[in-house]
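Make the full structure from the sequences, and use the hints.
Number of protein chains: 2
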Amino acid sequence: MQEVTLKQIAEILQISVTTVSKALKDYKDVSPKTKAAVRNLAAKLNYKPNPTALSLRNRETKIIGLIIPEVVHHFFASIIHGVVLEAENHGYLVITLISNDSYELEKQQVALLLDKRVDGILVSLAGSTVHTHHISQIIKKEVPLVMFDKISDEIRCSQVIIDDWQAAFEATEKLILSGCRKIIHLKGPDGPKTSLDRFEGYKDALKKHRIPFHPSYVYTSKNVSIEDGYKLTEQALKDHPDIDAVFCITDLVAAGVHKYCKNHQIKMPEQISIIGFSNWLISELMSPSLSTVDQPGYEMGIRAVNLLIQEIGSKKSDEKSTLQKIVLPTKVLMRETTR
Amino acid sequence: MQEVTLKQIAEILQISVTTVSKALKDYKDVSPKTKAAVRNLAAKLNYKPNPTALSLRNRETKIIGLIIPEVVHHFFASIIHGVVLEAENHGYLVITLISNDSYELEKQQVALLLDKRVDGILVSLAGSTVHTHHISQIIKKEVPLVMFDKISDEIRCSQVIIDDWQAAFEATEKLILSGCRKIIHLKGPDGPKTSLDRFEGYKDALKKHRIPFHPSYVYTSKNVSIEDGYKLTEQALKDHPDIDAVFCITDLVAAGVHKYCKNHQIKMPEQISIIGFSNWLISELMSPSLSTVDQPGYEMGIRAVNLLIQEIGSKKSDEKSTLQKIVLPTKVLMRETTR
Chain A
1 MQEVTLKQIA EILQISVTTV SKALKDYKDV SPKTKAAVRN LAAKLNYKPN
51 PTALSLRNRE TKIIGLIIPE VVHHFFASII HGVVLEAENH GYLVITLISN
101 DSYELEKQQV ALLLDKRVDG ILVSLAGSTV HTHHISQIIK KEVPLVMFDK
151 ISDEIRCSQV IIDDWQAAFE ATEKLILSGC RKIIHLKGPD GPKTSLDRFE
201 GYKDALKKHR IPFHPSYVYT SKNVSIEDGY KLTEQALKDH PDIDAVFCIT
251 DLVAAGVHKY CKNHQIKMPE QISIIGFSNW LISELMSPSL STVDQPGYEM
301 GIRAVNLLIQ EIGSKKSDEK STLQKIVLPT KVLMRETTR
Chain B
1 MQEVTLKQIA EILQISVTTV SKALKDYKDV SPKTKAAVRN LAAKLNYKPN
51 PTALSLRNRE TKIIGLIIPE VVHHFFASII HGVVLEAENH GYLVITLISN
101 DSYELEKQQV ALLLDKRVDG ILVSLAGSTV HTHHISQIIK KEVPLVMFDK
151 ISDEIRCSQV IIDDWQAAFE ATEKLILSGC RKIIHLKGPD GPKTSLDRFE
201 GYKDALKKHR IPFHPSYVYT SKNVSIEDGY KLTEQALKDH PDIDAVFCIT
251 DLVAAGVHKY CKNHQIKMPE QISIIGFSNW LISELMSPSL STVDQPGYEM
301 GIRAVNLLIQ EIGSKKSDEK STLQKIVLPT KVLMRETTR
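Chains A and B are the protein sequences, given in the same order.
With the numbering used here, the residue at position 209 of the first sequence is 209, and numbering never jumps.
With the numbering used here, the residue at position 2 of the second sequence is 2, and numbering never jumps.
Heads up, a few of these hints could be off.
[To be verified] Here are the simulated DSS-like cross-link-like pairs (lysine-lysine), alpha carbons at most 25 Å apart as the crow flies:
hint, chain 1, residue 1, chain 2, residue 2
1, A, K22, A, K140
2, A, K107, B, K141
3, A, K62, B, K141
4, A, K140, A, K203
5, B, K62, B, K7
6, A, K259, B, K267
7, A, K267, B, K262
8, A, K262, A, K141
9, A, K141, A, K315
10, B, K22, A, K62
11, B, K141, A, K116
12, B, K316, A, K262
13, A, K231, A, K203
14, A, K316, B, K193
15, B, K262, A, K259
16, A, K316, A, K331
17, A, K238, A, K222
18, A, K231, A, K262
19, B, K267, A, K267
20, A, K267, B, K259
21, A, K141, B, K238
22, B, K193, B, K203
23, A, K62, B, K107
24, B, K182, B, K208
25, A, K141, B, K44
26, A, K262, B, K259
27, B, K238, B, K267
28, A, K259, B, K259
29, A, K116, B, K116
30, A, K116, B, K22
31, A, K315, B, K22
32, B, K315, A, K116
33, A, K62, B, K116
34, A, K262, B, K267
35, A, K107, A, K222
36, B, K44, B, K22
37, B, K316, A, K116
[Said to hold, decoys possible] Here are the simulated distance ranges between beta carbons:
hint, chain 1, residue 1, chain 2, residue 2, range
38, A, I266, B, I155, 47 to 57 Å
39, B, E104, A, K25, 49 to 59 Å
40, A, G313, B, D115, 35 to 45 Å
To be clear, the hints were calculated from the coordinates, so they are not data collected in a lab.
The beta carbon of each residue, even a glycine, is placed where N, CA and C say it ideally should be.
What follows is the structure, given as structure tokens:
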């Protein structure tokens, strides 16, 4: 006996194959009347779903992909930790790829993961990523996607982030409230939204407290490194010998400022206050210990995986998933480099 | 026409199927005479390898598994970095699993990776792993295996390690040569070989320089943490107020010693010298900067992947792989906590 197909049911009822398929899956956008008609006929004809199609549809690798800019980095290592452990709790394994902040590598890595038919993908963008066509491809191929930390507003997907603007605003405000007025900002490269948002937060805190914003008080750290922090402090002090504070894009850059001050007998926080960003382990162990913004990496990893697994679940049951945006709270930790 | 099978060739020649198979693959343990007989007959009968068997045999996932005790850890994060980048250079993706130093988790993770049919596995043992039956299973299933850093001598496989004994010997000797005589050792838990080897290196350096070994000078840091370093220093100074140096199992523990000395106005290195292990980023940034043993994590990752890919290649071409042991050089970095 030949198997009855969806197409035959569709032809008999004079409706589309899609409608038949949706009716059998109880989609909401098919009327109860049509659903009843399809089911009755399917039962009469002893219709059975094609097992090959079913297995293709339900094929799961139970592997998710994670693309991250760096790994030897306290914040990102904490994220990996959260992602891998939480994924495993839910029966998923994680392929980790490190883009090394390279747009080209990131593009290749997205292609690799799609090719491996992973069940879902987590991405934090490389610093040098400007176009996001490769990320759109993930959505186009209907692979569940969650972005975290370094996201792009051009991509419609679930996100787990911190409010970088808010965090930078609070950090700068703490410097102002402690009496600082000539506050340098060592910002990151212009690509990543995190970097731009922190810069805006810095400017808006100045504005709120009616401190004029001087573009010459802002220096860009291209490599976001200790060396950059060191050299830019040297430059900033040459340009503006009377500065009283430095707000840095990350703790690594702040460690460079710290080192410069130490080597040149500049007292922290009496002469120069410093606030970093991310709360690396190093910041607590430096002397004086570094004030910084605590960024919850481990929790970000856990939340991102949970969102992704929800979306994988929605896809399996053919439900439309609701895009979610989780903004995790940060906290300015006032240690010894601030008054 | 029915396909000719290995079995038929074996029956005609009155030899085993294995011998036929090996002869066709040019194994060294089959005599040239037998090889010639098998090949002649196979050619006459127009024998073709079964394509299904072939594809099963050659089935590659192009995924390798990595089981590592920790990730928010400078040394292990550097290893992951090396492993992931080098694997990708060779067309392999890496599933990273973090055992959190748990024997139970590690066992489950080995089973997971075997189940996923990864092409090979890289393992660094959890601190609490004592039995290695689960690791033997990898070899039994003929899945290429390379162990690195935290290995077990019970497992016959390729290894990438440092000489922990040598490194600890040199570090302790540096302390002795700088004039220290009452040298405390804050050791790690007894499970991992790295920990035991470092302890032996410490003892042997004392022996070489005819300094009596006092078991009461040795304290065990169970959690290998900053807190442990802090508390054990407090205890050690209570037990032996005249100690002049501390050699620590890792930089984290050394950071605790450092913190205790700082909080209690104990001058480093004048009153107490400190040497850590691993060269974490923190050690360079502490003040005074921490003397330590540099351990090449990134390179270890690269070498481990290369060994594994060699073994995967050998397996594919049915060659026996030669087990290799790579011992990477370490270096004692004398910074400011040593005289």
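Hints, one by one, checked against the model:
Between K22 (chain A) and K140 (chain A) the alpha-carbon distance is near 21 Å, which keeps this suggested pair within the 25 Å criterion. Annotation: proposed proximity of K107 (chain A) to K141 (chain B) is violated, straight-line Cα distance about 35 Å (limit 25 Å). For the hint linking K62 (chain A) to K141 (chain B), the alpha-carbon distance of about 22 Å falls within 25 Å, and the restraint holds. The hinted pair formed by K140 (chain A) and K203 (chain A) fails the criterion: a straight-line CA distance of about 38 Å is larger than 25 Å.
For a cut-off of 25 Å, the pair hint linking K62 (chain B) to K7 (chain B) is broken: about 32 Å separates their Cα positions. Simply put, K259 (chain A) and K267 (chain B) have alpha-carbon atoms about 20 Å apart, close enough for the 25 Å limit, and the pair holds. Distance restraint check for K267 (chain A) and K262 (chain B): the Cα-Cα separation of roughly 18 Å lies within the 25 Å cut-off, and the hinted pair is therefore satisfied. With a C-alpha separation of about 53 Å, the suggested pairing of K262 (chain A) with K141 (chain A) is violated against the 25 Å cut-off.
Using a Cα cut-off of 25 Å, the hinted pair K141 (chain A) and K315 (chain A) holds, with the two alpha carbons roughly 12 Å apart. With a CA separation close to 37 Å, the supplied pair K22 (chain B) and K62 (chain A) exceeds the 25 Å bound. At most 25 Å may separate the alpha-carbon atoms for a hinted pair to count; K141 (chain B) and K116 (chain A) meet this at roughly 24 Å. Taken as a hint, the K316 (chain B) and K262 (chain A) pair is broken in the structure, with Cα atoms around 57 Å apart against an allowance of 25 Å.
For the given pair, K231 (chain A) sits about 23 Å from K203 (chain A) by alpha-carbon distance, which is consistent with the 25 Å threshold. Of the supplied pair hints, the one linking K316 (chain A) and K193 (chain B) is violated, its CA atoms being roughly 46 Å apart against a limit of 25 Å. For the hint pairing K262 (chain B) with K259 (chain A), the CA-to-CA distance comes to about 18 Å; that is within 25 Å, so the pair holds. Restraint check: the Cα-Cα separation between K316 (chain A) and K331 (chain A) comes to about 38 Å, which exceeds 25 Å; the hinted pair is violated.
Distance hint between K238 (chain A) and K222 (chain A) is fulfilled; the C-alpha atoms sit about 20 Å from each other, no more than 25 Å. Between the alpha carbons of K231 (chain A) and K262 (chain A) the distance comes to roughly 14 Å, so the proposed pair stays at or under 25 Å and holds. The hinted pair formed by K267 (chain B) and K267 (chain A) meets the criterion: a straight-line CA distance of about 21 Å does not exceed 25 Å. A distance of roughly 20 Å separates the Cα atoms of K267 (chain A) and K259 (chain B); the hinted pair therefore holds under the 25 Å criterion.
For the suggested pair K141 (chain A) and K238 (chain B), the alpha carbons sit about 65 Å apart, so the restraint of at most 25 Å is broken. Distance restraint check for K193 (chain B) and K203 (chain B): the Cα-Cα separation of roughly 15 Å lies within the 25 Å cut-off, and the hinted pair is therefore satisfied. Simply put, K62 (chain A) and K107 (chain B) have alpha-carbon atoms about 19 Å apart, close enough for the 25 Å limit, and the pair holds. For a cut-off of 25 Å, the pair hint linking K182 (chain B) to K208 (chain B) stands: about 15 Å separates their Cα positions.
With a C-alpha separation of about 50 Å, the suggested pair K141 (chain A) and K44 (chain B) falls outside the 25 Å cut-off, and the hint is violated. For the hint linking K262 (chain A) to K259 (chain B), the alpha-carbon distance of about 18 Å falls within 25 Å, and the restraint holds. In summary, the hint linking K238 (chain B) to K267 (chain B) is supported, as the alpha carbons are separated by about 17 Å, within the 25 Å threshold. Between the alpha carbons of K259 (chain A) and K259 (chain B) the distance comes to roughly 18 Å, so the proposed pair stays at or under 25 Å and holds.
The straight-line distance between the Cα atoms of K116 (chain A) and K116 (chain B) is roughly 13 Å, inside the 25 Å bound, and the hint therefore holds. Restraint check for K116 (chain A) and K22 (chain B): not satisfied, since their Cα atoms lie roughly 33 Å apart, outside the 25 Å limit. Distance hint between K315 (chain A) and K22 (chain B) is unfulfilled; the C-alpha atoms sit about 48 Å from each other, more than 25 Å. This hinted pair checks out: K315 (chain B) and K116 (chain A) have alpha carbons roughly 23 Å apart, not beyond 25 Å.
Pair hint K62 (chain A) plus K116 (chain B) holds up; C-alpha atoms about 9 Å apart against a cutoff of 25 Å. Using a Cα cut-off of 25 Å, the hinted pair K262 (chain A) and K267 (chain B) holds, with the two alpha carbons roughly 18 Å apart. Distance check on the hinted pair: K107 (chain A) and K222 (chain A) sit about 22 Å apart at the alpha-carbon level, within 25 Å; holds. At roughly 18 Å between alpha-carbon atoms, K44 (chain B) and K22 (chain B) fall within 25 Å of each other, so this suggested pair holds.
For a cut-off of 25 Å, the pair hint linking K316 (chain B) to K116 (chain A) stands: about 21 Å separates their Cα positions. A C-beta distance of roughly 54 Å is found between I266 (chain A) and I155 (chain B), which places it inside the suggested range of 47 to 57 Å. The hint said 49 to 59 Å for the Cβ distance between E104 (chain B) and K25 (chain A), and at roughly 40 Å that hint is violated. At about 22 Å, the beta-carbon gap between G313 (chain A) and D115 (chain B) misses the expected band of 35 to 45 Å.
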